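Engineer: Please take these sequences and the hints and turn them into a complete structure.
Read top to bottom, the protein sequences are chains A and B.
For the first sequence, our numbering gives the first residue as 1, with consecutive numbering after it.
For the second sequence, our numbering gives the first residue as 1, with consecutive numbering after it.
In short, the hints are calculated from the structure, not lab data.
Everything numeric in this text was worked out from a predicted model, so none of it was measured.
Honestly, I wouldn't trust all of these hints.
As the list claims (entries may be wrong) - Keeping only pairs whose Cα atoms sit at most 25 Å apart, straight-line, the calculated DMTMM-like set for lysine to aspartate or glutamate is: (1) B:K66 <-> A:D371; (2) B:K97 <-> A:E281; (3) A:K7 <-> B:E162; (4) A:K7 <-> B:E121; (5) B:K97 <-> A:D373; (6) A:K287 <-> B:E75; (7) B:K66 <-> A:E281; (8) A:K211 <-> A:E83; (9) B:K187 <-> B:E121; (10) A:K7 <-> B:E124; (11) A:K7 <-> B:D80; (12) A:K25 <-> B:E141; (13) A:K287 <-> B:D115; (14) A:K7 <-> B:E75.
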Amino acid sequence: MHAWIAKQQYLIDFTLSSLARRKAKNFGLLLVYTLIVFLLASVMLFTHALRHEAAHLLEGAPEVVLQRMVAGRHDLIPPGYLERLGRIRGVQHKEGRLWGYYYDPVVKANYTFMVPGKENIATGTLVVGAGLARARGLAVGNVISFRSYAGNLFPFSVARILPQDSELVSADLVLMSEGDFRRFFDIAPGYFTDIALSVANPLEVRNVATKLAQQFPDSRPILREEILRTYESIFNWREGIVLALASLAILAFAIFAWEKASGLSAEEKREIGILKAIGWETGDVIKMKFWEGALVSLAAFLIGYVAAYLHVFRFSSALFTPVLKGWAVLYPRFELTPVIDGFQVATLFFFTVFPYAAATLVPIWRAAITDPDSVMR
Amino acid sequence: MIELKDIRKAFNQGRDNEFHALNGIDLHLPAQRVTAFRGPSGSGKTTLLSIIGCLSRPTSGRVRLKERDISGLPERFLTDIRRQTFGFVFQQFNLIKGLSALENVMLPAYPLGGDWHELRESAERLLGDLRLSHRRQARVEWLSGGEQQRVAIARALINDPEVIIADEPTANLDSALAMEFMDILEKLSAGGKTIILTSHDPLVVDSAIVHQVVDMRDGRVVRHLAMAEASA
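Structural biologist: Here it is, written out as structure tokens:
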């Protein structure tokens, strides 16, 4: 047993020294390999974390949102709709919501103005998102004026800035009191932007949506699960675009790796011949060369994956933000919650480490089973 | 010690460029003797040496080592025999570049899994015997031809083999270094090693330490002489 362990130590020592002896080749391979793993892992981690984040955020969203349509466009809900909704069986809670968009010519950005459902905000004050505060250089207590669509100037003082950890959904958000909102957008009492409904039984959501469509033919019910599905398909589509762009690099790497792995240089063949001639078994040579390939690919996988993790969860995916986060005027600065999907890790491992390690075996095996004399010649 | 019966070796069999390197060799190589194979390039000396040392297999014929037929043994057993019985000194030395002299000497013992300190001691002792202690940490490509050959000899001796096989050992050495090599061979022979070598260098084949000379041409043994006859 001691001899076996010592032999493995010798093999590992020799493998490491062998890697060091061809450091230029191995370092180049490691670099390219790491970059590919980094690219793939970044896309996978980022989209997975975004999907997770979206699903998490939507957990608190209403099951159904009812919007009124006029001439195919979203319009205000007139008075009386809320009362009529209460008569539909299955609706547990209903709430009229007030929100809208405002274009700020100063920073050429759109803000989302909203009246919060639960929080009371004093008249004349605002709670703003961190992205907006950053863009306009606002701090708590500062005064900011917005000119309404009717042309009147409304001054507000900043009561609070929303925390940065909710920036994905709140970067451009402006929360205000109901009175201020109605005055600013000139919306009469009783009118709402849309209605949020909660349904007691999740299995009843689609039935409630069907009833809403029948009783309010001028309205459209939007289900939470549909929004989630839309997010999923958007992220899948974007992930697909990035992966398609990356496919050329991946293909180039595959050819490079295959060339490196499947062919042994004359020097390597000679070395195998020498090792066999001086008494190394075929199995020892194969093991040693296999470990060489496995160490390179494992190191590339680990370094690439850790770098991708830091890139996505510490540096906000700086490289992919424009493609993967989509359109936004006030780019949110946020850190995604680290989420790792075991299946994704296994898939990435299978498609990066395994093929390379396997590809190295064939030529080594061929060289190792040949007579040492022929290999050395 | 080693008996060869009707050894034949053909390369590229069945192709247009089929070549017969050995054409029926019958030989007996006694233990604890120095045998030199002599002949022009292409006479089959190196091919015969690689078959004797289990580095390649004959196309036909039998090789017996200490009364045991090893011709048909699987590769794994041949590796064991190679490791335990033979030490090789190749014409181009075949040291592994990038490794130190000491590491090169230790390499053949790695598969045996012995104690590292003992192995290192043995390797250092061998290098010391060959006056290379001061160069033990130098990478082999930085050594002179003579030094590289001495490293190759130390490597051949690390597993204490019974037989030393040397292929054209003085081909890349000047006369002084060739003489030095012969001195080392003499010591090894005196220590009871069986030595088999190929050479067409008179300094080697006419040396007093050689017990028998085998002349080869076109893959055949044309003369098999005791040293006195060879010198004559």
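Engineer: Run the distance test for A:K7 versus B:E75: straight-line Cα separation, threshold 25 Å.
Structural biologist: Holds: A:K7 and B:E75 sit about 20 Å apart, inside 25 Å.
Engineer: Could you grab the alpha-carbon distance between A:K25 and B:E141 and see if it respects the 25 Å cut-off?
Structural biologist: holds (19 Å)
Engineer: Has the given pair, B:K97 with A:E281, been kept, meaning a C-alpha gap of at most 25 Å?
Structural biologist: Holds, at roughly 20 Å.
Engineer: For the pair supplied as a hint, B:K66 and A:E281, is the alpha-carbon distance within the 25 Å limit?
Structural biologist: At roughly 22 Å apart (the allowed maximum being 25 Å), A:E281 and B:K66 satisfy the hint.
Engineer: Hey, A:K7 versus B:E162, does the alpha-carbon distance stay inside 25 Å?
Structural biologist: Roughly 23 Å between the alpha carbons, so the hint for A:K7 and B:E162 holds.
Engineer: For the pair we were handed, A:K7 and B:E121, check the Cα-Cα distance against 25 Å.
Structural biologist: Holds, because 17 Å separates the two Cα atoms, which is no more than 25 Å.
Engineer: Between A:K287 and B:E75, is the straight-line Cα distance small enough, at 25 Å or below?
Structural biologist: holds (16 Å)
Engineer: So if I understand the rule, the pair passes when the alpha-carbon distance is 25 Å or less; does A:K211 with A:E83 pass?
Structural biologist: Holds, at roughly 15 Å.
Engineer: Run the distance test for A:K287 versus B:D115: straight-line Cα separation, threshold 25 Å.
Structural biologist: holds (21 Å)
Engineer: Do the alpha carbons of B:K97 and A:D373 lie within 25 Å of each other, as the hint requires?
Structural biologist: holds (19 Å)
Engineer: Would the pair A:K7 and B:E124 pass a check requiring their Cα atoms to be no farther apart than 25 Å?
Structural biologist: holds (20 Å)
Engineer: Is A:K7 close enough to B:D80, meaning Cα to Cα at most 25 Å?
Structural biologist: holds (15 Å)
Checked against the numbered hints given earlier, the structure satisfies every one of them.
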